[in-house]
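2 protein chains.
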Amino acid sequence: METSSLQKERAKYQPMLPKALQSAVSIKEGNPTQSADDHEDIKKLFPNTYGLPIVEFEPTISKETPNFNVGVILSGGQAPGGHNVISGIFDELKKLNPNSRLYGFLMGPGGLVDHNYIEITTELIQNYRNTGGFDLIGSGRTKLEKIDQFEKSLEIIRQLDIKAIVIIGGDDSNTNACVLAEYYAAKKYGVQVIGCPKTIDGDLKNDQIETSFGFDTATKTYSEMIGNIARDCNSARKYWHFIKLMGRSASHIALECALQTHPNICLISEEIKAKDKTLNDVVEYIATIVANRAKEGKNYGVVLVPEGLLEFIPAVYRLIQELSDLLATHGEEYKNLDDLSQKEYITTHLSETNRATFETLPLEVAHQLALERDPHGNVQVSLIETEKLLSVMVEAKLKEWVKTGKYVGKFSTIHHFLGYEGRCAAPSNFDANYCYSLGTTAVQLIANGKTGYMAIVKNTTAPTEEWIAGGVPITMMMNMERRNGEMKPVIRKALVDLQGAPFQTFVLNREKWAKESSYIYPGPIQYWGPKEVCDRTTKTLALEKGSNKNE
Amino acid sequence: METSSLQKERAKYQPMLPKALQSAVSIKEGNPTQSADDHEDIKKLFPNTYGLPIVEFEPTISKETPNFNVGVILSGGQAPGGHNVISGIFDELKKLNPNSRLYGFLMGPGGLVDHNYIEITTELIQNYRNTGGFDLIGSGRTKLEKIDQFEKSLEIIRQLDIKAIVIIGGDDSNTNACVLAEYYAAKKYGVQVIGCPKTIDGDLKNDQIETSFGFDTATKTYSEMIGNIARDCNSARKYWHFIKLMGRSASHIALECALQTHPNICLISEEIKAKDKTLNDVVEYIATIVANRAKEGKNYGVVLVPEGLLEFIPAVYRLIQELSDLLATHGEEYKNLDDLSQKEYITTHLSETNRATFETLPLEVAHQLALERDPHGNVQVSLIETEKLLSVMVEAKLKEWVKTGKYVGKFSTIHHFLGYEGRCAAPSNFDANYCYSLGTTAVQLIANGKTGYMAIVKNTTAPTEEWIAGGVPITMMMNMERRNGEMKPVIRKALVDLQGAPFQTFVLNREKWAKESSYIYPGPIQYWGPKEVCDRTTKTLALEKGSNKNE
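Taken in sequence, the protein lines are chains A and B. Just so you know, the first sequence maps onto residues 86 to 636 in our numbering. Just so you know, the second sequence maps onto residues 86 to 636 in our numbering.
Isolated chain A (complex conformation) (with noise of 0.2 Å):
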């Protein structure tokens, strides 16, 4: 396999580990916990795994373990370390016992199912080593839901011996994981489970989880590209460029990637919802903040928007939603029509308010909104080119302006969309070792019996010494939310707090930035060099644990 020079470097790289976990492990047991809410329900629907205590590693003596089969999914969209997280589950297994053996299911938790998966060796793990990517095994999306799913599971976990299933995934991946547990442990089949928390989208996060891995490598990468693409704004003087960044259901990626570059503009999805902004609301915040830059003779500047952002204004969520329930009704008979009668179509079944904000919109988007459907008749609200439709949008209202005087200037605009750049990229030094630290927590948590936990590792801006590395049990995250028409026991996504102090921070800030051209460019991640730039965490992170020491 031919590698670079920095694959080839950094595979030499052996990540740090928590105290508690560079030696023998013991494990001391909090009290009983509750789930986050719903209380009842989730206690009727998690009997075998509700309630369990937190527990946290200690060290202690070494003793004799006797060797034990894993299996590990990698689950959902790629984030930076999942390599490392199963290089953490292979060498606390092998340093637990020489005979014990991993395997890695193919593809996705539909490797467990349909029984694919290769043993993961040292020869086969080396190459991997602090790499981005989840190539070593794949990914997949299948949802483990069904009980047909968890038995033709267990046959190949029967075959191979194995004792437990480590799922690397998002919130929901984690809450599957619980229910798997749940039902193993019900069934008394001897099988544990055990999650760990991934997604570079930030939004898997609670008061037990400081951050999901990925997040940092993703946002650093993101934000190398931001400051690149400003002080060429900066250099050039001539552009506006609107960048939209990943992140659909929260717009933390944004938010970070704000703080360490400083944009004229940012959108929060979470405050533009909470303050029931219209699409014309946002268009003419942004066009305000053109029109001013452009009084003193700064045509120029850099707009982040977060994926997500159409979904959380109300009227359009409204309008997307009615779109949908239309054309999965009238599928059919919409199907046949020309691309103009489609329109018409849709305007003359479309309810008033709803045709109001359909109007509004730019023609093309207009068209991707009437045309994109999935196989399920859903409006495919990824496709949208947001960062396009807001700079159209604000060209229009500019024109509109430049009519009353209310701007005199000129609007030239790039787009970017930084999403697939990021998910993939080498793990910083911080994703190495919290991944690394995530995966040997995981072997201990299945050694020490336990199943329907989270691997969590807590403490993170402090030295990776100082870490402290345990497990959370599921439950305690969930409480029961509407999916598809259903109650179901879901962890709770978290969204950008808007009383937090990374948001609060970028209040303070915001003016000023839109105002001056106050760029940082930070650069690419650095895996060697001074610690200040190497080990420096994300904004996010470390104004959350700031503000929780104010407390």
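None of these hints come from the bench; they were simulated from the model. Quick caveat, the model's predicted, so the values are computed rather than measured. There could be a bad hint or two in this list.
Identical copies carry no separate label here, and so any pair may be met within one copy or between two of them.
Stated by the list, open to error - Straight-line alpha carbon distances no greater than 20 Å define the calculated DMTMM-like cross-link-like pairs of lysine to aspartate or glutamate that follow: (1) K323 - D199; (2) K600 - E87; (3) K495 - E381; (4) K597 - E87; (5) K624 - D582; (6) K624 - D366; (7) K616 - E87; (8) K383 - D199; (9) K93 - E617; (10) K428 - E449; (11) K104 - E295; (12) K473 - E449; (13) K97 - D620; (14) K624 - E87; (15) K630 - D292.
Please build the complex by placing chain B on the supplied structure of chain A, with the hints as guidance.
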């Protein structure tokens, strides 16, 4: 000024210099030179700056130098390292005589004509050492071509007592530098002009110029992103990523990135033109690779597309030419037609061959070609989303092939354009040293009385100590070419050499890369750490120098 931790640490980096520039410098002159071609024409146009010798620096004992002032200009698109050229000029100027002054003309050559400038001071330059961007003094695209511009510039040159102007730019800007040098020499104004070779595109390159600055950093930054995308591609295994790369007039960037990352497909415009390929040929080439991979269950891959591709496809080029003429001539009557009538108008007015080409284009692209024009009526090729055009046409081709059983698979695409993400990256160690050396060289050329020269640093694959610095008369690189209907003296653009080692290496490997998924993940530029990672040169330069040695 708030800066990032990387900027703070990187500001401390002292760029390295070739041995000859480390202390006092004497000059060694070679034989008289000739232009690249059209000797008589060039000689007639440049009587005062033609035929000068190549010069090379050698160490000597220190001598006192009288103070003199220099003006510097950044011209054209941003390239990593521009600030280091300026800091190289600044440091050498002050080293020779602390009373010398450096003036920066603002926003490109226009700053010289319009007398917009700042003095560059020790405090000011400090914040810009080893940083990306041109924001210290900005850049612009005003062409210095006319006598009244030269005379207007002279006013401020006299006012500030400037001995020499350094113009940092690409082929056109260096041509203009030489025209200015010739004019001032002919008039005996005693003002020297020196050029510096800058462009991320890599097309300012010849026997004398090993590489233009910025190419190293920009291609490493793009390769970082391409590697990340490829790793995502290889993890998710469900998308074909079409990545357009900056570089309109040559494919050096695409080729270099291909050599660094091993994509499944990379198009090289120069090859497509040389083989007289049609758009359909290109589409079939891609579709064949897609279909072959699908046979092995690989419905994913990475395609690199140079920005200028369309203009290199002879049939499309002819279409664009005729369209531009047509729309420029009939602009007025055409303008008032609606979209549909505009298209009709075009198809009825085009010649038969070009109409046939026009009709093979996807709707959206035909629309862009027909509607988007610059103020002169020219079709704006740079606005055409070539990456989407190709993927749409490949999809259509695959749909045909499904009918005949030639293709069975899924084809989902994601599009990227990498350009502004790399032009202002913080310079790699190579570009930091190279640019600093170029700046130092420029000052030595001035101190030694040279004009109409380009600052040159050679032997750049050796350690910096061993680099060879000097100057080359710009006329030596010139020939006559037709530009806008007129024969003009220009520096010959370096296109990808289809016989050269970089392209030949690519050809040797591309079938393997197409079939396998043997991506390389170069990762982000590193400034500290193992030499193999931090100081690696571009593949292009390494292969070109290697092949030179073999000659």
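Worksheet entry | Violating hint indices (sorted, rising) | When the structure is compared with the hints, only number 6 turns out to be violated.
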